[in-house]
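**Q** My numbering applies: residue 1 is where the sequence shown begins, and numbers increase by one.
It cannot be assumed that every hint is accurate.
Calculated lysine-lysine pairs in the PhoX-like style (CA-CA distance at most 25 angstroms, straight line) [claimed, not checked]:
1) K43 x K30
2) K70 x K36
3) K41 x K26
4) K10 x K26
5) K21 x K59
6) K28 x K44
7) K41 x K30
8) K44 x K26
9) K41 x K10
10) K41 x K70
11) K28 x K59
12) K59 x K41
13) K59 x K30
14) K17 x K59
15) K43 x K26
16) K28 x K10
17) K17 x K43
18) K30 x K70
19) K21 x K43
20) K30 x K17
Computed Cβ-Cβ distance ranges for the label pairs, DEER-style [unchecked claim]:
21) K10 x T65: 39 to 45 angstroms
22) K30 x F55: 16 to 22 angstroms
23) E73 x V7: 24 to 30 angstroms
Because the hints were derived from the structure by calculation, they are not lab data.
Every residue, glycine too, gets a C-beta built ideally from N, C-alpha and C.
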Amino acid sequence: MEIIREVGSKGQVVIPKDIRKLLGIKEKDKIIFEIKNNEVKIKKDNPQEFLDNFFSIIKKKKSITLDDIKRIEDESYDIY
1 MEIIREVGSK GQVVIPKDIR KLLGIKEKDK IIFEIKNNEV KIKKDNPQEF LDNFFSIIKK
61 KKSITLDDIK RIEDESYDIY
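Model the full structure from these sequences, guided by the hints.
**A** Below you can see the structure in the form of structure tokens.
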């Protein structure tokens with residue numbers, strides 16, 4: 001899906017209603033902007049999902065690395 005929006009004078013862009021509904025984005029929700037390879041990925045912040053994934057790994061392992069934490073964070077926000 002590709003939708004084009006215009007940037008306002010204050011740098012604001014409206015997230016289309018269909019996308020807000022698809023992602024469950026409501027007023028006052030926090031949004032994450034991930035910039036990678038000259039592209040921007042928009043994700044709804046979901047701290048509970050991140051914590052659930054994080055602690056499930058800790059229960060399975062005796063130790064956890066920084067790479068494990070980064071991987072869990074990336075996986076928890078994938079919407080594809």
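**Q** Does each hint fit the structure? Answer for all of them.
**A** Tested hints:
no. : hint                          : in the structure
1   : K43 x K30                     : holds (9 angstroms)
2   : K70 x K36                     : holds (15 angstroms)
3   : K41 x K26                     : holds (18 angstroms)
4   : K10 x K26                     : holds (21 angstroms)
5   : K21 x K59                     : violated (34 angstroms)
6   : K28 x K44                     : holds (11 angstroms)
7   : K41 x K30                     : holds (14 angstroms)
8   : K44 x K26                     : holds (10 angstroms)
9   : K41 x K10                     : holds (20 angstroms)
10  : K41 x K70                     : holds (16 angstroms)
11  : K28 x K59                     : violated (33 angstroms)
12  : K59 x K41                     : violated (30 angstroms)
13  : K59 x K30                     : violated (28 angstroms)
14  : K17 x K59                     : violated (39 angstroms)
15  : K43 x K26                     : holds (13 angstroms)
16  : K28 x K10                     : holds (19 angstroms)
17  : K17 x K43                     : holds (15 angstroms)
18  : K30 x K70                     : holds (20 angstroms)
19  : K21 x K43                     : holds (13 angstroms)
20  : K30 x K17                     : holds (16 angstroms)
21  : K10 x T65: 39 to 45 angstroms : holds (41 angstroms)
22  : K30 x F55: 16 to 22 angstroms : holds (21 angstroms)
23  : E73 x V7: 24 to 30 angstroms  : holds (28 angstroms)
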